[in-house]
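Chemist: Sequence:
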Amino acid sequence: MLHRTGSAAVLLRAAARQQLPAVRNSQRGVTTTTSPSSSIIRTSLPRPSTTSQRIPSLHSSLRNPSAQQQRRTLFENYKRRIEHERETGNLNKLRLPIFAAIFTIAAGLTLAFYGLTTYQAWSEKTLHNFPPSVAKELRRALYYATDPSTYRESLRHYISALEKAREEGLNPLSREVTGIKIEIARICELAGRTDKAVEVLRDVWTSLAQGVAKWDEEKRGDGRERTGLVKRAVETAVRLGGLLIEMEGRGKEGENVLEKAVEMVLSEERRREARFAAKGKTAPAASTAVAVPSETVLPSQDVMATDSSTGVDPDDVENDGWLSPLELASTFEILATYYLTTNRAYLSTPLLLHALTYLPAKSCHAATLMATISTSLASTHPASAQAWAEKAIDMATVGTPASERTDDCDEACVVAMCNLAELRWRDGDLEAAGRWFRDAGVAARKMQWDEGMKKVAEGLEMLEKEKVGK
1 MLHRTGSAAV LLRAAARQQL PAVRNSQRGV TTTTSPSSSI IRTSLPRPST
51 TSQRIPSLHS SLRNPSAQQQ RRTLFENYKR RIEHERETGN LNKLRLPIFA
101 AIFTIAAGLT LAFYGLTTYQ AWSEKTLHNF PPSVAKELRR ALYYATDPST
151 YRESLRHYIS ALEKAREEGL NPLSREVTGI KIEIARICEL AGRTDKAVEV
201 LRDVWTSLAQ GVAKWDEEKR GDGRERTGLV KRAVETAVRL GGLLIEMEGR
251 GKEGENVLEK AVEMVLSEER RREARFAAKG KTAPAASTAV AVPSETVLPS
301 QDVMATDSST GVDPDDVEND GWLSPLELAS TFEILATYYL TTNRAYLSTP
351 LLLHALTYLP AKSCHAATLM ATISTSLAST HPASAQAWAE KAIDMATVGT
401 PASERTDDCD EACVVAMCNL AELRWRDGDL EAAGRWFRDA GVAARKMQWD
451 EGMKKVAEGL EMLEKEKVGK
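Straight run, no breaks: the sequence shown in the working numbering ends on number 470.
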């Protein structure tokens, strides 16, 4: 019995030792299995029975008491803050800034929408003559052309637009294609690449001039298309010549281009004169070049009475898109000014007189031309120069209607006064010269014209030195 009892006790203790790890593992969440035929103990983690037990759902996380408590606390804080502002009276003070902010935002959105729709309307109106592929590149080019830092991108899209236009079969001499090239020249000029701008403009001008010559050789007659070719050729030549005369060492080249532009205008004016005669109408007075002035070149009533509709008859086929009177005058004026700056007044005066015939009888631009004519005649025809200067002052001060007055009137007045001062100086009347210089200085300071004030200061300084020398 004792032996059996002892053996039973030993067996009980062994069984207890085998069950103890299972109890401990169950407390840890680990299950142990013992194979009936083997003494190997296998352990594994408990597996959830369903997916919902494995991954908490969104609803269960939202139902988290701690998260709900945080949201409730935040809402209560805002509520208490609003009640505090209301009790202290600060809430009423905040209403105006809030409404102002809302109004500002609404106004900004409205302006943005208006700007976008306006741009789209302008773009469609401006680019409606272009095929979609060309218009797409032009929109991008115009967008990048607004910022100097993206001029390169603008040029790239303009060049791409030219390539697309070529693929679409657009006429290389058409207003659309030549307009793209002129825009390329403008961007090059703004970017500081005047040499590239000159190269592009020269190519356009040469192509247009050849196109006009070919048109006349084929005797295709007159018409709006030919007039457009001549007009674009003249405009391009004036722009090209203006760039060249401003470049160092290329003044003569620019002079030649401007002279050809004037020749084209005179030739076209004679052609138009013949067309007027064929219709039984009187040719405009400006269709004939003005001869070199004689000893007394005084402002005549015929010149001053020229109507501004010179060269264009809006009631007839002559209204075919030819240059406007102001554009015609500018073509002659730019070459005349270059002659004047290079001490060739004998060439400048006839061009200025011719340009004056295109302008309205009473305008600030006419006053400017009169003052320039006075400058041109000062060294060779003093009496005529004085008459033109007085006429310029009269036109700038009382001759031009107040509704049409611009800064050109004031500048013309200053130039004419300085001319009269120099003429009085040459006659030996230093007192009168000083008065004219001082009057010119008052007018220049009133309009804050730096160039005019500089000219007056130089004139007064030289006049004082002359007085001291005497």
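Note that these hints are calculated values from the structure, not bench results.
Any given hint might turn out to be false.
[What the hints assert, rightly or not] Now the in silico label distances, taken between C-beta atoms and shown as ranges: (1) Thr342 - Arg445: 27 to 35 Å; (2) Ala277 - Tyr114: 50 to 58 Å; (3) Gly280 - Tyr114: 34 to 42 Å.
[To be verified] Derived pair list, reagent style DSSO-like, types lysine-lysine, alpha-carbon separation capped at 27 Å: (4) Lys219 - Lys164; (5) Lys465 - Lys454; (6) Lys136 - Lys164.
Don't be surprised by glycine CBs; every beta carbon is placed ideally from N, CA and C.
Chemist: Confirm or reject each hint.
Modeler: Going down the list of hints, with the structure as the test:
1. Thr342 - Arg445: 27 to 35 Å: Between threonine 342 and arginine 445, where Cβ atoms are some 31 Å apart, the hint holds.
2. Ala277 - Tyr114: 50 to 58 Å: Given about 53 Å between the Cβ atoms, the range holds.
3. Gly280 - Tyr114: 34 to 42 Å: violated (52 Å)
4. Lys219 - Lys164: violated (32 Å)
5. Lys465 - Lys454: Answer holds: lysine 465 to lysine 454 is near 17 Å, not above 27 Å.
6. Lys136 - Lys164: Status holds; Cα separation ~10 Å.
Against the hints set out earlier in the document, violations occur for numbers 3, 4.
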